[in-house]
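Could you build the full structure based on these sequences and the hints that come with them?
Residues per chain are reported as follows:
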Amino acid sequence: GADATRGGRRERAKMQGVEKINAELFTLTYGALVRHLLSDLEAVDEVNKQLDQMGYNIGIRLVDDFLAKTNTGRCRSFKDAARTIAEVGFKMFLGITAKISQWNDDETECRMSFHENPLIDFVELPEKLQNLSYCNIMCGVIRGALEQISMRVEVAIEKDPLKGDQAFELSMKLIEYAAEEYPFKDD
Amino acid sequence: DGSHAHLRPSHRPCGSGRMPRETSTLTFVIVGDDTPIYECELRAGGKREDTINYLHEFVLHAALDNVEETIWTTPNSYLKAVDRYYDLTVSAYTTSGLVKFLLLHDGKNDEGIRGFFHDLHEYYIKVMLNPFHTPKTKITSKDFDAKVKTLASKYLL
Chain G
1 GADATRGGRR ERAKMQGVEK INAELFTLTY GALVRHLLSD LEAVDEVNKQ
51 LDQMGYNIGI RLVDDFLAKT NTGRCRSFKD AARTIAEVGF KMFLGITAKI
101 SQWNDDETEC RMSFHENPLI DFVELPEKLQ NLSYCNIMCG VIRGALEQIS
151 MRVEVAIEKD PLKGDQAFEL SMKLIEYAAE EYPFKDD
Chain S
1 DGSHAHLRPS HRPCGSGRMP RETSTLTFVI VGDDTPIYEC ELRAGGKRED
51 TINYLHEFVL HAALDNVEET IWTTPNSYLK AVDRYYDLTV SAYTTSGLVK
101 FLLLHDGKND EGIRGFFHDL HEYYIKVMLN PFHTPKTKIT SKDFDAKVKT
151 LASKYLL
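Just so you know, the sequences run in chain order G and S. Just so we're aligned, residue 1 is where the first sequence starts under the numbering used here, counting upward by one. Just so we're aligned, residue 1 is where the second sequence starts under the numbering used here, counting upward by one.
Take the hints with a grain of salt, since some may be wrong.
Pair ranges (Cβ atoms, derived) [claimed, not checked]:
hint, chain 1, residue 1, chain 2, residue 2, range
1, G, L33, S, D34, 44 to 54 angstroms
2, S, D119, G, D165, 23 to 33 angstroms
3, G, P118, S, T35, 28 to 38 angstroms
4, S, D119, G, G95, 44 to 54 angstroms
5, S, K154, G, G164, 25 to 35 angstroms
Just so you know, the hints here were simulated from the structure itself, not pulled from any lab data. Here a beta-carbon is modelled for each residue, glycine too, at the ideal position from N, C-alpha and C.
Shown next as structure tokens:
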């Protein structure tokens, strides 16, 4: 996998071609999206599911963009992939510095934690929306991205500052390495 | 009477007929469109009343017409004193979105009130940036409540 932690120049070279947009615009756009989903779907569980699905659709496309911009070599394992997402991917797309920790023994489960998150600036969850996973889109993005490189995972939000926790914590669990599928049948 | 029904909290007992003789009691209200989205009684010593004084609410509501008129006479956000009731004055401030901050107070404290409104406006903007908040939603954030109290102690009491 790629090592993004060494040296400022390498990191800057990796970020070439990454355009910047106004952070507030991004935050407000996402907020409007969530609110719109809530007024359309009403049920909080449905909204959580939709956010995950939207994230998935973003993730399967975003991973190509990421690979093109960073020239990352092929990740050899789930552990590699998780680290790359946290240290390079999140940094590149959201400006977030994330850390991977709490690996289980066979390296199929871990936690990703981070403190800042542009998606939730100024957001306060009202009383009746305490079950809303406001940032569920992130889980979908990771799931979609990893599926494109043949890893099926489950991602969930374990700790959420909008619900009182100190920092964000996502759990990532590898379900299986999917075999490469050929589009043509061998007959 | 119907037009003031929305200003009356349901649990409040009827006010007595006597003019209240309080010093250093202020009532602060934020009005968006036609309904109050935030109300707060402030007392010296940082004590916060849980029920809003009925008379104060009435005076503030009556002052709204004056506020509307004054808005169009000046490009300033701070409208200063727009109405008086015996020894109580209503000072007002308006945002670009025509949301009105009203303060009912005794005495004269122009600079303090200006500073209070100005800083409050910044906190108000932060509340408005919450995607779950609309110009009509009541502000229920405890954070905002605490900030109002802090600003009041700093500028007004």
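A quick look at each hint next to the structure:
no.: 1; hint: G/L33 with S/D34: 44 to 54 angstroms; result: violated, 30 angstroms
no.: 2; hint: S/D119 with G/D165: 23 to 33 angstroms; result: holds, 29 angstroms
no.: 3; hint: G/P118 with S/T35: 28 to 38 angstroms; result: holds, 33 angstroms
no.: 4; hint: S/D119 with G/G95: 44 to 54 angstroms; result: violated, 29 angstroms
no.: 5; hint: S/K154 with G/G164: 25 to 35 angstroms; result: holds, 28 angstroms
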